[in-house]
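Colleague: Letter by letter, the chains look like this.
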Amino acid sequence: MKLRFEVGGEDFSLAGKASSELKRALGQLGVEPEQVRRAAVAMYEAEINMVIHAGGGIAEAEILADRVSMVLSDSGPGIPDLELAMTEGWSTATDYYRELGFGAGMGLPNIKRNVDEMSVETSVGKGTRVSMVVRFGGPPAGGGS
Amino acid sequence: MEVLEARMAAGDELLDLEVCAACGADLMSDVMAFVKEKVVLLTGLVNPQAIRTADLLDIKVVVLVRGKCPTDDLIKMARENGMALLSTRYSMFLACGRLYEAGLRGGGVREID
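Top line first, the protein sequences correspond to chains W and Y.
Residue numbering for the first sequence follows our numbering, beginning at 1 and increasing consecutively.
Residue numbering for the second sequence follows our numbering, beginning at 1001 and increasing consecutively.
What the hints contain is simulated information worked out from the structure, not anything from laboratory work.
Treat each hint with caution, since some may be false.
As the list claims (entries may be wrong) - Now the in silico label distances, taken between C-beta atoms and shown as ranges:
| no. | chain 1 | residue 1 | chain 2 | residue 2 | range |
| --- | --- | --- | --- | --- | --- |
| 1 | W | GLY30 | Y | ARG1089 | 41 to 47 angstroms |
| 2 | Y | ASP1072 | W | GLY89 | 31 to 37 angstroms |
| 3 | Y | GLU1005 | W | GLU62 | 46 to 52 angstroms |
| 4 | W | MET1 | Y | THR1071 | 31 to 37 angstroms |
| 5 | Y | ARG1079 | W | LEU64 | 30 to 36 angstroms |
| 6 | Y | GLU1013 | W | ILE58 | 37 to 43 angstroms |
What you are looking at is a predicted structure, and each value in this text was computed from that prediction instead of being measured.
Using N, Cα and C, we set each Cβ at its ideal position, and we do this for glycine too.
Please model the complete structure; the sequences and the hints are all you need to start from.
Modeller: In structure tokens form, the structure reads like this:
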């Protein structure tokens, strides 16, 4: 099953709808709740990042028998220092988004903790593409306990 | 609910739901980073992302602290997601303290390195 969402950057209250849809789809397919939660959290963090930093983009998910693959691509400003962006607590989000409950600097680390595979391709001035895989069955390979 | 002298905005049918832990946070990424098991979420954040975060983590009870009132949109979202939504006049500190005193502990979250 393939899902595709256009994530707008204008209305923050709508951010996360793609993740909710993915969660619902995985649940209906009978995927274990823990794997559903991991995929939904990873997708949500990536979706929020895309709204806050890139003004939206495209979120796609492919659900297979043994895993879900998620790809979020945007045409935003890109990430100048990816290693820094992966550091817990480091954030460039504005106070506006902090007041909305985000900008804790936990987005990318949260994604890494919840997925089995993650790759980030980014180019300053061109955009970012975050690819993630959650396998069904078993804890995340690179995640915390 | 009595401990927090809370008003219930949604989820009356969940009054008997048993919970064993709570998490207090205004930053939703912190909630997603640390919550593992089903807990009560206490937050001062009154926007759809509080409900959405709770839904993604299978949190069934959200308590708005500092006397914040949920908007109609929030109440609708909570109902659609089968979630109890409460509001207490207590601050985050006092609300957490009262729940701790009543026996809730900090389980359900991952350990911080």
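Colleague: Hints first: check each against the structure and report whether it holds.
Modeller: Status of each hint after checking the structure:
{"no.": "1", "hint": "W:GLY30 <-> Y:ARG1089: 41 to 47 angstroms", "verdict": "holds, 43 angstroms"}
{"no.": "2", "hint": "Y:ASP1072 <-> W:GLY89: 31 to 37 angstroms", "verdict": "holds, 35 angstroms"}
{"no.": "3", "hint": "Y:GLU1005 <-> W:GLU62: 46 to 52 angstroms", "verdict": "holds, 48 angstroms"}
{"no.": "4", "hint": "W:MET1 <-> Y:THR1071: 31 to 37 angstroms", "verdict": "holds, 34 angstroms"}
{"no.": "5", "hint": "Y:ARG1079 <-> W:LEU64: 30 to 36 angstroms", "verdict": "holds, 33 angstroms"}
{"no.": "6", "hint": "Y:GLU1013 <-> W:ILE58: 37 to 43 angstroms", "verdict": "holds, 38 angstroms"}
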